[in-house]
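Add chain L to chain E, keeping to what the hints say.
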Amino acid sequence: METTVPKLIADTTFERQSPSVEALRRLLKHRSAQVGMVLLGILIICAIFAPWIAPYDPIKPIRTATRRSTPCIHFLGCPANKEQHIMGVDGNSRDLFSRIIYGSRVSLKIGIQSIGMAILVGGLLGALAGFLGGWLDNVIMRCMDVLMAFPGILLAIAIVAVLGPGLMNALYAIAIIEIPIYARVLRASVLEVKDRDYVTASRSMGASNTRLLFTRVLPNAMTPLIVQGTLGIATAILSAAGLGFLGLGNQPPTAEWGSMLSEERNSVFNAPFLVFFPGLAIMMTVLSFNLIGDGLRDALDPRLRGSGA
Amino acid sequence: MLQFLAKRLLMLIPVVFGILLFTFALTRLVPGDPCYVMLGEKATKEKCDDFKKRFGLDKSIPEQFIRYMGNLAQGDFGTSIVDKRAITDIISERLPMTVELTFFAMIFSSVFGVLLGVISALNRNSWADMGTMLIANMGVSMPVFWLGLLLAYVFAIWLKGTPFFIPPSSRLSAGVSLVPLAKIWHLENLTGMSRFLLQLISNSAILNGILTGNITLVRDALWHLILPATAVGTISLAIIARMTRSSLLEVLGLDYIRTARAKGLIERLVISKHALRNALIPIVTIIGIQIGGLLGGAILTETIFSLPGVGSAMVDGILMRNYPVVQGFSVVIAIIFVFTNLIVDLSYAYLDPRIRLE
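Chain order of the listed sequences is E and L. If you read the first sequence in this note's numbering, its first letter stands for residue 1, the second for the next number, and so on. If you read the second sequence in this note's numbering, its first letter stands for residue 1001, the second for the next number, and so on.
Please note: incorrect hints may appear among the correct ones.
Which residues of chain L face chain E? A partial, calculated answer using Cβ under 8 Å [unchecked claim]:
| no. | residue |
| --- | --- |
| 1 | Ile1019 |
| 2 | Phe1022 |
| 3 | Leu1026 |
| 4 | Asn1137 |
| 5 | Ile1157 |
| 6 | Leu1300 |
| 7 | Ala1334 |
| 8 | Phe1337 |
The set of hints was computed from the structure by calculation and includes no laboratory data. Here the structure is a predicted model, which means the values were calculated and not measured. We put the beta carbon where it would ideally sit given N, CA and C, even for glycine.
Here chain E stands alone, though its shape is the one from the complex:
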C-alpha cells in the first residue's frame, strides 16, 4: 500500500510583519472602522473638491431663489422649470447643499488643527511630567487638574470671552480645553514605558535624557495618543459646532455647520430641513472619527478588543 506523506515545503516562510503593518491590516478589516473610513473619505473629497461639487457659491445669495424654499430634486419629480436645490435654500437665499459642502472644510480644519495643537502642547507637557517626575510632574499635573475642573464648553466660552469671538479663537479655545486630556494620556503611557529594560539599557550606555525621551520612550508611548487623538477630533468638531451655535465661533457669512444651525434655529417649525441637514453633516463627521477611533483602539491594542462595545 502506498502512503502519501505530505511534503514539507522548505521555502514556505511566514513573513513577520512589523507591528504597524499588522495594526493597519487589523484596522482595515475592522467593520466599524471601514464604515468610518468611507464616511471620512466622502468628507475629505467634499472638502478638497468643494468648488467642483458645490453647484452654487456658498456665500453669495441667489437672486432667483426664494428664501427658505424646500428641497427640489429634478430626479425625484421636482418640475424641471424650477431650479434644483438638493437641500433647499436658506434664509439668505443661498443654496444649502453648497454651504454644507464648503462647511466640511471648516469642520475638518478645526478638528484637526485644534487637536494637533492640543497633542503637541499637552503631549509635551505630559511626556515631561511623566519622564522627569518630581516637582515638575506635580506642578504640571496640578495645572492640568485646574483646567479639567471646568466643564469643557464652559472653559471654551471663558477663553473666547478673553480672545473674542471668531473661528481662529474658537480653535485656540478648543485646543486649550483638550490639552489636559493629552497630557494625562501621554504621562500615563510614558510612566509605563520609561522603566522598560530597553530604556534602562540605553540609559546605562550613556544616552542623555533628551535622547532617551525622544528616541526610546516617546515612540513606544504614542499608541494611546493616536486613539485619543482620533476620538478627540470628534469632540473638537462637536465643541466647535457648539461655539458656532452660540455665536462665539465662526462668524457669518462663512459656511460652518454649527452657525448655520444657529442662524436657522427659529425656522425649525416651518423649514425643518434647514436645521436637519447641517446637524446631520455634523453627526456623520463626528461618527466617522468615532468609528475610526474605536477601530484604531482595537487594532493597536488587541487586548482591548471588544471592550469598547
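Leaving out everything else, chain L in the frame of chain E:
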C-alpha cells in the same frame, strides 16, 4: 471613610485656588486697557481713573488677587458693568435653571443608560443589542442642540393633537409663577451668603414648589423639563449604555458568577446582586465624567427651549464684554463641578472598599 473624605478635601484646596487664579487671570488677560475694553473706546480719562479705583485696578496684581479672593469669601462677586446689578443676583437667578436641567438629564441618562446597557449585555449579539449599540454610537456623535431642535419639532409639530404633544416652551406655563421664598418666610433682611443661598433655592422652580407645597408649580416645571432633559441626556445615555454593556459582559464571564449560578441562584439575583454591583464601579466613574458634559449640554440647549439659564447669560456677557458676569459664572460652575466630582469619588469608595484603603 472619614479619613478618606479629609484627604480628598485637602486635595481640593490647590484645585480651588487654581480655579480662582485662573478666573482672576481671565479678566486681566483681556488684551488692551480693561477700562477702555469695558467702558468703550470713548471713555474719558477721569471716568477711567474712577473705574480703576472702584474695581481696585490701580493696585498691584497680587493685591488685586487677594482682594478678589476676600470678596468672593464674603459672597461678593462684584457688579455687572451693563446694568450695575450684583453678580450674585444674576447667578441666583440663572444658575438654578441650569442645575435643574443638568440634574434631570443625569437621572434620565443614568436610569435609561444602565437599563439599555443591561438589556444589551444580556442579549449579546441579538437585534436588541445591535440596535442599542447603533443608537448609542449615533447618540455619541450628535450635537446636543441639534437633537434639542429635532425633539422640539417632533413633539410640537408631528405629535400635535396627540396626548404626547409637549410644547417647546419656556420655564413655566403662562399663569404659573413662583413666589420668592424670602417673601413667604419673611426673610427679606438677609444679606451676604445666606441671602444668596436662599435666592438660589427660591429660584429653583422645583425646590420652591416642594418647599411651599405648590404641586402645580412642581408638575409644570417638570413638564417643561422633559424635552430639554431628554436632549441633554441622550449623549450621556449612549456613553453610559456602552459602558454598562462592556462592564457587565466582563463581570458575567468571571468565576464567582458561575459559582452563583451553580449554587442555584435565580438569574435575576445573579444579575442584580452579584454582577451589577461589581459592574457598577466603572459605570459610576463614567456617570461622574459625564457631569461636565451634561452641564455643557445644558448651557448649549437651554436657548433652544427659551430657558433662562447660565448659557444665555454668559453669551450675553461675552458679547457685551461684561467680564464680571463671565468670571462669576465660571467660578461658581467650576466649584460646583469640583464638588460634584468629590461626591462621585466618595461613591466609588462606598462601592469599592479597596479604594478607601489606598
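Results of checking the hints against the structure:
For Ile1019 (chain L), the shortest C-beta to C-beta distance to chain E is roughly 5 Å, which falls under 8 Å, so the interface hint holds. With a cut of 8 Å, the hint placing Phe1022 (chain L) at the interface with chain E holds, because the nearest CB-to-CB distance is about 6 Å. With its C-beta approaching chain E no nearer than about 6 Å, Leu1026 (chain L) sits inside the 8 Å limit, and its interface hint holds. Because the closest C-beta pair between Asn1137 (chain L) and chain E is about 7 Å apart, less than 8 Å, the hint holds.
Because the smallest distance between the Cβ of Ile1157 (chain L) and any Cβ of chain E comes to about 6 Å, under 8 Å, the interface hint for this residue holds. For Leu1300 (chain L), the suggested interface contact is upheld, since its CB lies about 5 Å from the closest CB of chain E, less than 8 Å. Checking Ala1334 (chain L) against chain E by beta carbon gives a least distance of about 5 Å; that is within 8 Å, so the hint holds. Checking Phe1337 (chain L) against chain E: minimum C-beta separation of about 6 Å stays under 8 Å; hint holds.
Hint compliance for this structure: every hint is met.
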